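Just so you know, the sequences run in chain order R and B. Residue numbers for the first sequence follow this note's numbering, so the first one is 6 and each next one is one higher. Residue numbers for the second sequence follow this note's numbering, so the first one is 6 and each next one is one higher.
If you're looking for bench data, these hints aren't it; they were derived computationally from the structure. Predicted, not measured: the structure shown is a model, and the values here were computed from it. Any given hint could turn out to be false.
Since the list gives no way to pick one copy over another, a pair counts as held whenever it fits inside one copy or between any two copies.
Unchecked claim - Once the Cα atoms are required to be at most 30 Å apart in a straight line, the calculated DSS-like pairs of lysine-lysine come out as:
id : residue 1 : residue 2
1  : Lys50     : Lys155
2  : Lys48     : Lys113
3  : Lys50     : Lys113
4  : Lys48     : Lys261
5  : Lys155    : Lys85
6  : Lys84     : Lys155
Protein chains: 2
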Amino acid sequence: MVSPLQQTYGQRALKQANPAAKLLLETMERKKSNLAVSMDVSKTKDFLAIIDVVGPFTHIDILEDFEYGLIHQLQDLSKKHDFMIFEDRKFADIGNTVVLQYSSGVHKIASWSHITNAHPVPGPSIIAGLSSIGLPLGRGLLLLAEMSTKGALTTGVYTEQAVRMARASRDFVIGFIAQRRMEGVGLAQGEVPDRDEDFLILTPGVGLHSQGDAMGQQYRTPKEVVSDSGCDVIIVGRGIYGTDLSLTDAIADRAKQYMAEGWEAYLQRIV
Amino acid sequence: MVSPLQQTYGQRALKQANPAAKLLLETMERKKSNLAVSMDVSKTKDFLAIIDVVGPFTHIDILEDFEYGLIHQLQDLSKKHDFMIFEDRKFADIGNTVVLQYSSGVHKIASWSHITNAHPVPGPSIIAGLSSIGLPLGRGLLLLAEMSTKGALTTGVYTEQAVRMARASRDFVIGFIAQRRMEGVGLAQGEVPDRDEDFLILTPGVGLHSQGDAMGQQYRTPKEVVSDSGCDVIIVGRGIYGTDLSLTDAIADRAKQYMAEGWEAYLQRIV
């Protein structure tokens with residue numbers, strides 16, 4: 006068995022049982038892109054303009070002029086540009102509550118977001134709750150096993166427990182938000198590793214130049230993240246859309262640069 | 006210095022610097038109630054009907070027919086019934102993102118919710134981000150130091166780190182979602198405890214009879230929570246509004262029962 010590190014996204018797609026995981030890997034292979042653009046903007050106009058240029062990764066709860074009709078526009082763009090939608094909701098409540106937050110509210114995330122994510126902090130009940138809604142719809146879940154902020158509590162036993170929780174729900178949990186590969190992490194003494202284990206690793210805190218922001222975010226380059234640490238998808242936000250959201254050409258240029266660097270790092274890795 | 010355990014809510018209100026903490030303790034003393042009702046319902050009609058009966062604690066992101074006008078109705082009810090609003094948002098993202106989630110989006114939580122809460126998992130940046138919005142508005146923050154669900158990762162060093170983070174931001178962090186008192190928790194070797202330390206402890210997972218639900222929630226009685234463990238506020242959801250939201254008389258009766266038991270447990274404690 007070859008490690009996920011040396012396999013292509015396309016090879017790994019063939020072995021995924023979860024439809025969202027399969028689709029993500031196929032899309033990355035087809036588009037030659039492992040870039041997810043994090044859309045932390047608060048106006049629908051900017052949101053749509055930038056997505057039309059770069060493809061998305063959403064924080065729908067930031068849009069102050071959200072109306073459900075936006076979802077149809079988002080889905081149209083998703084087809085036009087062949088991208089998947091990942092609402093970065095970071096669910097973090099008990100099972101009964103996340104069921105409602107995921108399926109209901111004004112945003113109805115489960116009905117349109119192929120992938121979402123959750124903190125493992127409430128214990129396995131959060132996965133049970135989200136899975137009861139998302140699995141029948143073919144959705145996939147990422148657990149936040151690590152965060153890239155300074156002083157994050159996602160270390161040691163916390164990360165190991167997150168991986169154990171994922172391993173117990175592989176039909177719905179497709180991987181992690183993390184800074185490194187997670188296969189084999191958190192195995193109990195004497196537990197036999199599954200040599201076919203293959204988690205998707207999506208990684209925030211990626212920048213070409215930046216060293217961080219004033220609020221504790223820390224950055225690494227695409228090469229460090231994908232080639233050195235073996236992560237699968239780079240998540241980039243402000244590094245791409247910058248501070249002036251009207252400069253869509255510059256935004257598109259930066260997205261292309263990240264896309265090229267991310268893909269180059271991947272090609273180096275699978276050699 | 007008398008421990009917060011033996012002081013009245015009114016005595017403790019006098020020493021709070023944060024206006025939301027002060028108002029909460031004053032309101033509890035005046036209303037003789039340490040009950041927060043958790044409103045996990047998805048229709049505005051039910052939401053308003055139940056709040057009109059019992060007073061609230063909100064999950065605004067569950068309301069599928071949310072329109073901002075609801076906030077004005079909520080604020081009117083808050084004045085009419087003399088209650089505070091606590092949006093149980095469980096923020097759990099990096100500083101830059103929570104700034105937008107707290108101030109913006111369709112819900113604009115900071116503009117109307119006296120108190121909200123956050124997971125400490127991203128590290129101190131989440132407090133810095135939320136505080137930059139909430140502190141100028143006189144809001145207060147609770148950190149989730151413990152959760153009541155089975156298999157929660159909020160144990161040991163995680164909880165200690167949460168308390169340290171709170172201690173470093175006492176102007177904005179007024180206390181914890183937790184199952185016990187937190188004064189003195191997480192002190193470094195040789196660090197001198199502040200004998201005036203006084204955190205508000207709000208506690209979910211409270212039931213008069215229930216033993217738990219199918220999704221990992223676990224329950225304790227008001228006496229166990231307030232009198233034995235020294236917590237300040239009992240948070241009750243389904244135990245009060247039950248399964249038939251149209252039975253408002255029964256809902257009001259159950260709320261009164263929890264209110265009476267919670268207050269009785271408090272009176273036993275301060276003797």
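A quick look at each hint next to the structure:
1. In this homomeric assembly, Lys50 and Lys155 never come within 30 Å of each other (Cα to Cα): the closest approach is 32 Å inside a single copy and 43 Å across copies.
2. Within a single copy, Lys48 and Lys113 get their C-alpha atoms as close as 19 Å, and across copies as close as 13 Å, so both meet the 30 Å cut-off.
3. Taking the closest pair of Cα atoms, Lys50 and Lys113 come within 30 Å of each other both inside a single copy (20 Å) and across two copies (18 Å).
4. Taking the shortest Cα distances, Lys48 and Lys261 sit within 30 Å of each other inside one copy (23 Å), while across copies they are farther apart (44 Å).
5. Within a single copy, Lys155 and Lys85 get their C-alpha atoms no closer than 38 Å, and across copies no closer than 44 Å, so neither meets the 30 Å cut-off.
6. Proximity of Lys84 to Lys155 under the C-alpha cut-off of 30 Å is found in neither arrangement, the shortest distances being 37 Å within a copy and 41 Å between copies.
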